[in-house]
Amino acid sequence: MRVQELVVERVVSNIDLSVSLLELFRSGMAGYVELVDERPNLVRFLLGVQYANATSLIESGRPLSDAIAQLVGSVFSSRGGNADHIEYVIDAMLASTGIAVLRWFDEPVISKETLVDELVVYVWGGLAASAKARGVELNPDDPILLPTD
0 MRVQELVVER VVSNIDLSVS LLELFRSGMA GYVELVDERP NLVRFLLGVQ YANATSLIES
60 GRPLSDAIAQ LVGSVFSSRG GNADHIEYVI DAMLASTGIA VLRWFDEPVI SKETLVDELV
120 VYVWGGLAAS AKARGVELNP DDPILLPTD
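If you read the sequence shown in numbering that gives the first Met the number 0, its first letter stands for residue 0, the second for the next number, and so on.
Just so you know, nobody snuck in bad clues.
Derived CB-CB ranges, DEER-like:
1. Pro142 - Ser110: 27 to 33 Å
2. Pro142 - Asn40: 37 to 43 Å
3. His84 - Glu33: 28 to 34 Å
4. Pro39 - Ala66: 20 to 26 Å
5. Gly124 - His84: 16 to 22 Å
6. Asn138 - Leu101: 29 to 35 Å
7. Val108 - Glu33: 16 to 22 Å
DMTMM-like, lysine to aspartate or glutamate: derived pairs with alpha carbons at most 20 Å apart:
8. Lys111 - Glu22
9. Lys131 - Asp83
10. Lys111 - Glu37
11. Lys131 - Asp90
12. Lys131 - Glu86
13. Lys131 - Asp141
Since the hints were made in silico from the structure, they are not lab data.
Only a predicted model underlies this, so the values are computations on that prediction, with no experimental measurement involved.
Think of the CB as a built atom: it goes at the ideal place given N, C-alpha and C, for glycine as much as any other residue.
Please model the complete structure; the sequences and the hints are all you need to start from.
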């Protein structure tokens, strides 16, 4: 199984649509950090190979980015906001989060829990700011509320 499949499987399997928005992002982040911690040699090898080729890196991250963009876009749309091109916001969040996790992976001077706490604050801040710019006020304690087509 390739690293991107492992990441998608771990993050998506942690998604629970019955929790608050903030808890949703916390569980996904915790799943990703846990995967990196559990399979360090595999992750190091596969990421090293993929980072050598920018096109490969972009393509390998697309399934996770697309899944998160679809979820976030649905949340924004269900609250009357503009979800157009949200994938760029998600790509930026994933890239910066990935770099932070790689730093922790190479220099784990804080616990996994502290890393997750720090990254959730960052991701939530970026997401809330993007939502506000798109006409949506997000409350971290709100339920997910996806459209029921």
